[in-house]
Amino acid sequence: MFESLFKFGWPEFADGQIRFANAERPEWLLLAIAAGAGLAWLFYRNTPQAVPKGRRNLLGVLRGIAIASIVLFLLHPVLRLEHPSGRHRFVTVLADDSRSMSMKDEGSGSQARIEVARQVLFGGEGKESLRDGLEGHCAVKLFRFGSEPEPLEGPKDLNARGPATNLFRAMKRVRDEMKGIPQTAMVVLTDGAYNAGGAPHELARAMKLEGVPVFTVGFGSMLSPQDRAVIRVHKPREVRQNTEVEVFAIVRASGYENAFPVRLKDKDGEIVDEVEVPAGHSGVTRVKLKVMPDRKGTHPFTVEVPAEDGEKITDNNAMGFTLRVADKRLPVLYVEGSPREEYRFIRRALYKDKDFRIASILRTGAKFPIVQGSEPGDDIDDGFPIKKEHLFRFEAVIFGDIEAGYFSKEQLDMVEAFVKERGGGFLMLGGVNSLNLGGYQGTPMERMMPVTMEGPEVGYENKEMKLIPTKDGLAHPILHQSENIVENARIWGEAPVLIGINPLRGVKPGALLLASGAAQRPLIAVQDYGAGRSAVFATGGSWRWRMSLPIEQELHEKFWKQLVRWLAVGSKEKISVEVDKDIYVLGEPVELTATILGKQLDPVNDAQVTASVTDPLGNTREYRLSWVLSREGVYQTQFRPEEEGEYNLTVTAKFSDGGEETALTSFSVSETFAEFAELTQRADLLQEIASASGGEYFTPARAGTIVERVEALLKAQKSEEKIFEDKDLWDAPLCFGVVALALLAEWIIRRRSGLA
Amino acid sequence: MVLEHADTLKDWKREVMRDFRRRLDQRSRREFLRGGATGVKALLGLSLLANPLGKLAFADEPEKKDKKKPDSPKAVKTGTFYFPRLMFHVKDETGDQWNTEPAGDVILRKRLSELTNINVSQDPIVCKLSEMEDMVRYPFVFATSEGYFDLPAKEEKNLKEFLMRGGFVFGDDCVYNKTGDRFFQDFVKMVNKIFPDNPMRKVPLDHEIYNCYFEFPKGAPHLQGVDHGGWGLFEKDTGRIMTYCTPGDLHCGWCSKYFSPAMNEAAIRMGVNIIVYYLTH
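Protein chains in written order, with numbering that gives the first Met the number 0: chain A, 0 to 755; chain B, 0 to 280.
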């Protein structure tokens with residue numbers, strides 16, 4: 000009854016407050032009411048017919064009520080309600096629509112993961128809809144995601160066809176889209192089989208700071224079915240021609256105990272390498288495969304484990320990748336004080352490997368040095384380079400047994416810039432004229448080196464000693480002689496003696512001691528320096544390793560190659576190009592990034608950078624790369640490939656001085672089976688995401704609880720954030736009734752009184 | 000001269016030094032009697048084979064590269080280079096054995112240290128192929144004799160391993176009866192036997208071994224014997240010379256008693272080139 004008269008129920012009136020929305024100048028309206036009432040009284044004061052005074056007053060009052068009511072309507076009366084902001088806050092729901100969601104797990108009946116997710120989200124078969132439950136409290140935005148998030152309209156949009164999962168990107172894009180809009184929580188429905196993109200749990204940590212917890216609902220069994228799979232392949236993006244490349248395949252065997260082969264195949268299906276995983280190796284195994292590409296270009300390969308009889312999922316038994324082979328060597332500059340065996344054997348170790356270009360300057364008794372391995376443009380025929388552009392052609396510099404006085408101050412400063420700015424590597428060897436005996440005290444080398452030196456009075460000890468690796472050393476790539484750390488320790492324990500050491504005082508804070516020599520003095524120490532790296536190997540007698548071991552044991556060669564590679568790892572290219580993945584699925588955007596550096600390897604922001612992209616059909620399209628304002632020397636573009644197959648890219652940078660540099664890269668577009676690499680639910684990952692964001696992990700059966708959690712969150716937010724809602728009252732039945740009754744009563748009385 | 004009882008390093012060292020002093024004394028007396036300036040220099044033991052004498056007429060006299068004139072002997076020296084002699088079984092009982100003319104080694108070591116900045120150990124060292132652990136300390140060894148020789152199977156195996164690891168053997172024929180090439184023939188035969196798929200061959204005249212320090216446009220100086228030229232075993236994947244053999248008795252040229260001073264100087268400089276080549280390749 001009350002509600003039918005007053006439009007709203009009593010509790011709303013009890014909680015609310017009646018206000019006038021147009022009450023900015025109420026005095027004028029009050030004046031109008033008074034004027035209206037005055038006029039009514041005036042007109043009824045002298046009527047043409049004699050009307051009793053009491054009736055005249057009644058008529059005036061009735062007309063006054065009508066006029067006042069209408070004026071009040073003009074004031075726009077409202078009922079102001081105060082309630083939680085839920086109606087204006089959002090919960091985002093992200094549903095995984097990738098192919099892994101099409102899997103049917105044992106124990107789930109005939110339902111695929113995606114069907115379970117559909118029921119959880121939209122209801123069905125007696126289950127309540129999570130969407131409806133949430134919409135009862137707040138606004139809900141639905142998304143589905145594979146590699147990219149897209150709006151989700153209804154259950155028909157969820158069909159598990161996304162070729163890849165990028166949970167990180169989906170969460171990030173939705174989070175970015177919701178910026179500025181109050182978001183109460185994010186709900187993610189997935190099996191956690193993410194195989195691309197960044198770390199979602201780190202993003203979840205950031206969302207916690209923003210007050211947006213993530214509720215994860217995990218689909219899929221936690222127990223592995225009987226299956227063999229290639230989970231991941233690790234390999235270098237670009238390799239050098241005729242260099243043996245190590246490809247690491249992560250394979251998993253669940254429920255099978257027998258031995259099985261892991262094969263590396265080329266594009267023609269020929270087996271390039273094969274490794275057998277022994278029987279009893281259930282679980283995840285890392286397998287090393289080798290390939291030596293002998294031609295330049297991009298070569299597709301496949302890592303494969305044969306399917307067992309009756310294996311249900313065979314899509315995950317192979318994984319493809321590409322190797323880009325460049326005819327490029329790692330350039331090393333080695334300066335040596337006089338001919339000695341160490342020089343000969345280091346040169347030999349690096350010269351034999353086509354991965355390296357060793358240029359050396361050897362001082363002899365003659366006025367001019369013996370220069371070996373130089374190329375046009377190196378400009379080292381007369382000695383150590385005097386210009387940055389010549390020194391910066393190299394990626395690592397080795398000072399042998401040579402004193403600081405051989406170099407000018409400018410040359411030593413340039414070597415420091417070579418490491419600090421260019422990202423090159425610097426190594427100083429031991430000897431009677433190096434380190435503390437070479438006058439390096441007070442030079443940039445003293446700053447760069449990872450060790451502190453003794454004074455010049457402490458001489459070179461020409462005695463035999465063993466290399467004793469530290470714990471850090473055994474795990475370091477320079478001393479990596481075996482995959483197995485115990486085996487590595489054994490190899491070094493049995494390694495022959497080397498001869499000679501410069502006693503060093505100690506290792507600088509922040510540097511890493513890899514090995515000690517005689518009397519526990521530091522022998523190998525390394526550290527990062529600026530953009531590059533520096534190392535000290537305080538002996539001139541590592542050649543004894545080569546001479547003392549059988550020819551098939553290449554400890555010496557391996558050590559030197561690893562040392563130089565480690566030194567040069569940070570060296571910058573004038574133009575370096577990267578795509579964010581090796582293999583894309585059709586329609587997936589390719590992000591191309593180029594870093595452009597000038598002659599002295601400083602970032603260049605005004606280059607004209609274009610990418611020429613040749614698709615598998617041989618069509619070429621050009622894309623312009625734009626400078627990313629926030630990143631020095633970095634240019635980017637994005638495009639979507641439209642054909643499956645190999646794409647080759649040539650990126651050209653044109654400099655303002657007319658110079659030009661090019662770089663190549665490639666990628667392929669194909670169907671990916673990575674989605675099936677991990678068959679079990681990644682509950683650990685989902686729990687980590689939920690926990691990092693302050694949210695909670697749910698099973699599908701408990702997903703309905705999310706509504707309660709959201710409700711609780713909204714209530715908590717209510718105390719912090721009040722939302723007011725004004726509801727119109729002018730159209731309440733009572734208002735019109737009062738006016739109508741007043742006018743009707745006035746009219747009847749007027750007629751009875753003989754008034755017009 | 001044959002040092003018959005030099006079976007141990009100690010004996011070898013003692014006998015070498017004794018022989019060298021005696022020869023220097025004899026040489027000095029002869030030169031002194033001649034009254035020539037050369038003799039005075041020899042008497043004083045100063046640069047017997049120095050540049051002025053090297054300029055005397057000699058067909059194979061090397062010309063120094065202008066830009067590679069040696070600096071003063073004060074040039075900085077690093078590392079330690081040993082010049083050991085290889086002990087092996089010579090079949091011929093007559094003629095010089097593996098340990099012939101040790102004074103030549105002494106002179107070469109001395110001159111090597113004068114002409115380059117190589118830190119040369121003056122210690123006489125003897126190596127045996129049967130003792131691999133000892134061999135690996137001295138990656139460069141020198142072998143010479145006048146006669147035919149052979150190696151037991153174990154030594155052949157060790158020699159192959161030594162060369163493969165990066166060792167270097169310089170062989171020089173001491174020339175039997177001033178005309179022979181017995182050592183050279185057996186050396187080539189032995190190397191070809193242990194590397195059957197990679198036989199030794201004549202080193203071309205424009206090879207670095209002939210110009211890495213001093214210039215020898217006509218190849219290694221030939222002092223006597225059969226002129227086969229210098230032969231080398233080339234490493235398959237790098238082209239590096241793994242072992243080098245000369246038929247022309249360079250070693251006797253290092254001594255000062257058999258040939259002209261110019262020939263002596265040429266032999267010494269070729270020895271320097273071989274060692275510099277070894278240390279840089």
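Honestly, the hints are just simulated from the structure, not real lab data.
Some hints could be false.
Stated by the list, open to error - Which residues of chain A face chain B? A partial, calculated answer using Cβ under 7 Å:
(1) H200
(2) R343
(3) T363
(4) P368
(5) I369
(6) G372
(7) R545
(8) S547
(9) R708
To be verified - Result set (SDA-like, lysine to any residue): computed pairs, CA atoms no more than 25 Å apart in a straight line:
(10) K289(A) with N118(B)
(11) K127(B) with M546(A)
(12) K235(B) with E556(A)
(13) K109(B) with I369(A)
(14) K127(B) with V627(A)
(15) K557(A) with F233(B)
(16) K235(B) with E493(A)
(17) K156(B) with K207(A)
(18) K560(A) with T279(B)
(19) K153(B) with L548(A)
(20) K159(B) with K171(A)
(21) K156(B) with A530(A)
(22) K351(A) with N210(B)
(23) K235(B) with K171(A)
(24) K235(B) with Y350(A)
(25) K159(B) with E556(A)
(26) K353(A) with F233(B)
(27) K235(B) with V496(A)
(28) K386(A) with A530(A)
(29) K171(A) with V627(A)
(30) K127(B) with I369(A)
(31) K156(B) with V496(A)
(32) K560(A) with D683(A)
(33) K714(A) with D293(A)
(34) K156(B) with L78(A)
(35) K235(B) with E11(A)
(36) K235(B) with K207(A)
(37) K462(A) with F233(B)
(38) K351(A) with E207(B)
(39) K192(B) with K462(A)
(40) K207(A) with G644(A)
Cβ coordinates follow ideal geometry from the N, Cα and C atoms, glycine included.
message = Tell me the hint numbers this structure goes against, listed in increasing order.
response = 1, 4, 6, 9, 10, 14, 16, 17, 20, 21, 23, 27, 30, 32, 33, 34, 35, 36, 37, 39 and 40
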